[in-house]
Structure formats: structure tokens, C-alpha cells
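Novice: Here the protein sequences come in this chain order: F and R.
Residue numbers for the first sequence follow this note's numbering, so the first one is 592 and each next one is one higher.
Residue numbers for the second sequence follow this note's numbering, so the first one is 592 and each next one is one higher.
Hints were generated in silico from the structure; no laboratory data involved.
Each hint should be verified, as a subset may be incorrect.
All copies of an identical chain are treated as equivalent in the list; a pair is satisfied when it fits inside any one copy or across any two copies.
PhoX-like mimics (lysine-lysine), calculated; alpha carbons at most 25 Å apart, straight line [unchecked claim]:
(1) Lys772 x Lys726
(2) Lys829 x Lys761
(3) Lys976 x Lys772
(4) Lys1035 x Lys686
(5) Lys761 x Lys772
(6) Lys761 x Lys1052
(7) Lys927 x Lys761
(8) Lys829 x Lys927
(9) Lys808 x Lys723
(10) Lys723 x Lys829
(11) Lys686 x Lys761
(12) Lys723 x Lys1052
(13) Lys976 x Lys1058
(14) Lys1052 x Lys752
There are 2 protein chains.
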Amino acid sequence: MYHYEALPAAEWFRRNRELAGFHNPARALYQTVRELVENALDATETYGILPTVYVRIGVVDEQRGWVSVYAEDNGIGIPGGEIPNVLGRVFYSSKYRVRQHRGIFGLGLKMIVLYAQSTTNRPVYVRSATLKSDKIYEYAIMIDTNSNSPAVLHRQEYPNKYKWHGTAIKVCIEGNWHAAKRRIEEYLRRTAIVAPYAEIIFRGPDVSLRLGRRTTKMPPPPEEGLPHPKTVDADMLKQMVRENGSATLLELLAGNFDGVGRETARAFAAWAGLAPDARVSELSQDDLVRLAERMRQYEGWRRPRAVSLSPAGAELLELGARAILGAEAVFAVTRKPESYGGHPFIVEAAVAWGGQIPPAERPLLLRYANKIPLLYDEGVDVARKVADEFSWQNYRVRFPAPLAVIVHVCSTKIPYVSAGKEAIADIPEIEREIRLALRDAAKKLRAYLARREREAELVEKYVSLAKYVDEIAHSLAVVTGASRARLAESLHRLIERKIGMTAEELLRRA
Amino acid sequence: MYHYEALPAAEWFRRNRELAGFHNPARALYQTVRELVENALDATETYGILPTVYVRIGVVDEQRGWVSVYAEDNGIGIPGGEIPNVLGRVFYSSKYRVRQHRGIFGLGLKMIVLYAQSTTNRPVYVRSATLKSDKIYEYAIMIDTNSNSPAVLHRQEYPNKYKWHGTAIKVCIEGNWHAAKRRIEEYLRRTAIVAPYAEIIFRGPDVSLRLGRRTTKMPPPPEEGLPHPKTVDADMLKQMVRENGSATLLELLAGNFDGVGRETARAFAAWAGLAPDARVSELSQDDLVRLAERMRQYEGWRRPRAVSLSPAGAELLELGARAILGAEAVFAVTRKPESYGGHPFIVEAAVAWGGQIPPAERPLLLRYANKIPLLYDEGVDVARKVADEFSWQNYRVRFPAPLAVIVHVCSTKIPYVSAGKEAIADIPEIEREIRLALRDAAKKLRAYLARREREAELVEKYVSLAKYVDEIAHSLAVVTGASRARLAESLHRLIERKIGMTAEELLRRA
């Protein structure tokens, strides 16, 4: 009756693999490709390397439903000694830092290893070399779920003659290529659109994609950041105090928060009625809760800096919208950085209209998070909620309308609803920014639609005036003896001056 | 550049609390109530105790948005020495067993503790006594996230004079009562409907609910079960071999799987061409993978037993549908047990028609998992997918229709999409059973709708015949001299015999 037990983290995740997106053979294959591609991009662009990513899916055993997935990048590599832990220990990662990553939970690789061993019982093969390394390391790894530690089945070192760097991973899993194919293709295409500086080569059993590099210009890699003081919580503060016990309040504030120097720290302390030279170790728990609250209330902090973030930029978003959607018009905005729970974030949004967008009763939605296209679980994403609740009628949109919305959230920590990373939770701060971004973009759309309506009216006016031109020109020619053609020409010019543009312009615009 | 670190499990979950449903103050309050109520029900009905659950929400500090949640049950209690770990250590629980629980991940209480300390930095207060215990134990607990271990701030023992047993938990969190109120009420009402043997008393700042016990008949408590051999995986098998190294194949199979005795084990071994007396410790990794595959392929296993499950029953589902939906007609089915990944499960479904159900373009859906009403994230639930893809037109349903679907999945392990436990993942086996359950229930609906149509036709026929009765009776009376009233009466009887029921019956049914 009273039986309690502790589970090792790896065993807990093995048993609950749906939580990380490994529901069934189709979704698991999709998730495997995603995690490998995202690791590859994180290992390259984050460090200023132009990414070249090669992915191959092969059928290992048709009857048993076994497939192999191979992914190789030219990234910074994993140090030889770290490889076993990075693949074989849950909650061990390079991703727990204040910097924008595609990966967030540091869980992807381990879930692939766990899923592989649950379904085919095959180890994962890894080959990696760090920048300028003399050696290439090769491992075959499984996870001992009872101890949450890596089981190394094979290990070898090679001389790195050509100074190759990067990581190559090969895995054999139960997977349904047929069912996952369409999504994998869409995922890769949409990834390439927001990362035009990446070269992505994909070979599947019956598909080949070569998504070439379209630019060598990369956004500056995100720097490592500090938590923003406005959205810190008591527990985070407690931890900082533990690590900086001997510091004064001033030292704590000025050294550990984004955009807070000694001057800002002093101004805050004065506002909050706190002594700047108080030892933080002497603060009680209640003091810390109060401090966190005061920090949240203070309006004098600087806006979060974007150094740890890497937005796609409005321009890229517009380009992408045209490429994916074939829209007639796109209006994109990049909002200023904000933060929630200490994590800075930026919302970018685009509103696309017409062209090949099919008219529908609600806006078509394309979602991205840290440049990852999100293809599943739209129904629970905060962006879907905002797009549906938005007052489109105030922006001259009447449904059914050929309207699409693109939302890109980037953050040092995307608040995903599940570890499968497919939907963003409804955090009030993020919801608000998405709404404001849509409002900004929709205003431009409204102006565009208003101009279109005005132009449509002008065309009508032109047409209704122009049809009398010949008649009037004829009558005038009879009376004045002037050339009828010249009179008609003048009359047309008159109308054009009246409506403010030439007939050609008008027709081109309509 | 090459910085890696290990996170303690508690810290990982603290940072990623959205994964467990603690997104924002409204959702977190809802989630807290849910976890406490579900623990209370698990601690009572699972052990044959009629549940009495008392829940109170109070405003602690309006301005700061702090609320208190108190929950008390009359369950089996937590042994004094286990209380710190059960509340203060992630991955420590009584829920990792093959038996139907509302709780699945053993994570709920810990997430409440983590959320409380992140937002208000207040400990969680627990008072508990096990059955027949001489003592009541009281603790104030927080979690040291750096070591994933409980921090006990206060501990006291009282004599248990009146042999009280159960658990009482009080917590102070940041919560938005106003925004969560409606969902919390709906959650409690719908919980009471599938647990009519429970008494649930709720007091909120401006709401009081007393959901009284409507029956003292409880379903038999689920027993502890074993994994089903048909859906075992290689990794699970590997672990079993590790724990039963010296056993023969026969012993391994006959002792560790649901419904497998020596006879069944021998029959399987013969079919699979394996030696029943082979030592399992001598099996290679590949042998184990093959064994798992053969076990999945074998058709001779017994159907999973339902002893570890506790379905609501078709009757209760019908009752619930009428109570919640005010439906005119309800058709419920309970499917036979099936299994996925070693976990037995049962799908129950009801199709409800008419009455107060508003006609809509797709079926209204009510979801339950292990008797828990699921109110969020419907858009990603497998039941939504099945209900939307179902060929309703084959069952005489034309949309818009006043149609509702209730789906209840119970299992020793519900494959939730996220640790917030709001949506069931699309596991092929479960998807199939939901589809079959809907088909079974929809067949009954079709028969009902067909009967209704037939009856509508009869009414029409009756009406069209009856309108000539007076005229004919008059003519006959003139010719025969018989009583016109009696003639009319006979004619009505004639029509009734012809259509097979009396006018009263017909009108009552129509």
C-alpha cells in the first residue's frame, strides 16, 4: 500500500517519451530529424560558421519498419571526453545558458538515444572533432537508464589530417518514413527560408532536396546574456544570493542582471528604499520575496538588450512569406525586446495578403520559434489564440479573406507547452507582444487595403468618365474644328490629372 | 565555447514549469487544484475508501496576486518518513506502478512546491496520517533545487486521538482566481459526474460548491498489473533480463507478463522456435530485440486483463452525458481492454444527440482520461482528431447537428502530450480503439435516428389518413345508418393497426 520509489531521470523520460514528441513511428522520425538538424544549426551559426548540414534517411528493414537517420554538420564539434555525457546523460547539456538556441531543453539527443534503444536496441554512433582538433573521436553509445549514465559500447580515435570539424550522428530507429515524409520536407524547406545562409542537403528513400545557400551574410551570433531584472523571481534571486553570499546589494544587482550597472542599481535601491551596501547574505526569505517584487515593479530598468537573441529580421520574414505563400503583399514588423520570467524575447510578425493565399474563415498561420518552423499542435499555440481573437474587422479585413499571419518568437528560453517543442504556451507577456506585433503589421495592411479600395474606386471613376471622352471629343471637334484625336487625348490627360495618375499606372496597380 | 553542465532534475523542472501546466497565474492555479484533487481521489478510491475531498481557495494578498489553496482528503495518508521525499524530490513517487492512477508522472506535488517557492517563496504545509496511525505528522517543505532534495523547514508530530487518516496540504502561490474560476468549477463538476461516490466540497472567494455523494457503490479498486507481452519493447525486456538473470525463458515469460502462465509461455516458445529452458542471461542484445518482435507478432496471447484498470462504465457515461449535456438520447460503449507499449487501456465512448446540445458543424467533445476531465488543449488530443475524421454521414448524421461525443480513456499509463496532462497523444492503438468505440456507439445512434425518421413518416401517414376519417365516417353513417362516432372510432383503430401503434404512443414518441 505504501510503496514509494525514485526513478532515474533517464528512465522517467524513456517511459514518457510522448512528452518529448516521440509518440509513434511517424512523429518519432520527424522529431529525430528535427533534433539533429537543430543541433547542427546550433553548432554552426551560433558560432559564426556558415552551416552545411547533410541529412540522410535510409530504410534498414522494410518489414520491421526500421530506418536509419544520419546527420552531419560542420559545426564546432563536441570535445571527445564530453561526447558520452552529451548523448548519454539526461539533464547534461551545453544549452542551459542565457543565449538563443534552437534546442532549449538539452534533451533532444538523449531522447533519440532512448527511443533507438527502446525500439531497435541499437546504439547511436557519433563522430566528432572540435575546431583545430588533432583527433576525430568516434563512439557507439547507449544509455543505462538505471543510473542515467552513458554506456560506451565502442570508442576510437583517428588522426584529423584535414582539420575537419563538426559532428556526425547515425541512429537506427523504428520510424514511418511514408507517414512523416511530407512534414519532414516542409520542415526542411521552411527552415531553409529563415536560414538562407545555410546549405541543407537531404536524401530520403524517394526524395532528394538540395536547399542551397542563398547568402553568405549571417546575422551576428547571439552573445551570452544575463537575466533581466524586471522579471526575476524569488527563487532565482535566492540562488544568486547563495552564489554571491558576501556581496552587497549593489554588487549583486550590478553584476548579475542585464543592463544593470552601478548607477542603475543605485537608482533602484534609492527608489526601493534599500541600503545599497547591505550584505545580501543578511536578507531574510521575506526580504528576498519583497526584493523580487520591487524589482518587478520598478520602471527605471533599461529595456532588455537583444545581444543574446538572433531575430530573423522583418526583411527575411517578408521574403519568406512571399516564397512560401506566394502572397501579393506582405507587411512585417520586428518588435523591441521584452522579457518574461527573466528571459528576454523578441516577437516578429508578418501579415500577408492575397496572391496564392486561399481565402478562408480565419487567418492561415505559420509559426516559428528561434527560427524553427513549428508544424504540429497549432491548436494550443498562443499565436493561434491571438490571431483568432484579433479584431481583423478594424483593419478592413472581412472573412473569408486571403490572409496569412507569420509569427516568429525568439528567446533565450521559448516557453514550449511540451518538450516536443511544437507549441508556445500562453505567457501573458508573449501574448501581449504578439498582439502588438499583429496590430503594427495589420495597420500597414489596412493602409494597403484602403489604397487598393481607393484605386478600385478611381478605376471605376476613370472608366465612367472615359466612356464619354469620345462623344465629347466628337461634339467639340464639330464645334471648334479642332482635331478630334487631340481633343480626346487632352480629355484623357484631364481625367488623369483629376484622379492623380495615368491610365497605365492605374491599370498596373489595379 | 565548450561549456557543458548537468542540471539537477528539480532545477530543470523549475525552469521549465510550462511543461507541467504552470504557464501563468491562471493556469497554475487551475493546475494546482487539479493536482491536489487528483491526489486526493487517488489516495481514497484506489484503496476502497469513499472519498471526501475538501478544497478551499482564499485570497492572501489581493495586490500581489497571492492566493492560498488548501486541500484535505480522507485517504490512506503518506507515511511520516516519506512526506519530505514525496513532496520534495522530483522523480520520487508511489505512482510508478502498473495500476490506473489519475496521477501519472508523480510530478504534480513537486511542481506545486516549485511553483510556490518561485512565486511567493512560501513552503508547502502538509499534515498526514496513515490508516490506524497513532500519530499525525506535520511538515513545512521546500525543495533544494540544487540537490533535488527536500528542505524541511518545520516538522511536528501530534497524537492521532481520533484515528484520523488522510492528507491535508496548504500552499500559497501567485494565482489568478478570477481568470481560473470558471474552469475550476467546470473541472470539479465534471469530476463529480464520473465519481458519483465522492463528496467534493469547494469554497472559493465568491463560489461555494457542495457536490454531494450520490451513491456509496464504488467500482472495485484497480489491482496492480503486469505489462502485456504483445506490446513490450526491447529496452523493457533488457531490464527484466537484468533483474531475472538466472531465469529460463519460460520463467521470464510466465512470471512477468499479464495473462501469461507456463502453458501460454510454452506455446509461444514453440511458435517462436525458442528453447523454453534457455537461460535469459545468455541471450544476446539481438536475441532480445528479436524476442520482443516475436512477442509483438504472436497472436496467441490472452487479451489484456482489466484488473489494473477502473473504467467508469457505459452506464455512468450515459448518466453523465445526460447530466452535463441535457441530451435527448445517449449511446455509450465500453470497449474490451487493449494495450500499447506494454500498458493496458480501455476506451469508453458515448454519442449524445439532441436535447440541449446546440447544433454545430462538428461534434462537441468531452474528454476524460482516468476519470479526469480534460479541459485544455483539445486541439491536439487524439480524440478530437478521430471525432473530426469520423464518417458521421454514414450514420445518418448531417451537420450542423446537435451531436456530442464523450471519450474516456483509462490506462495504467495515459500517453499525455505534456506533463500538464491535458491532451492524449496519437498512439495508433488508442486512435484505433477510439474509432471503433465511436463506430459502436454511432451504430446505435443510427438505429435511433432511423427509428425517429420512420416514426416521423408514420406520424405523417397517420395525419394524412386521419384527416379523411371524419369525411368517410360521415358518408358511411349516411349509407349504413351506423353511429358516426363509432365509425370514426373504428377507422382510427384501423389506422393504428396499420401503422402498428396507437395515436397516443405515436405522439409521445414523436
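Novice: Checked against the structure, which of the hints given earlier come out wrong?
Specialist: Hints 1, 4, 6, 7, 8, 10, 12, 13, 14 are the ones this structure does not satisfy, whereas the remaining hints hold.
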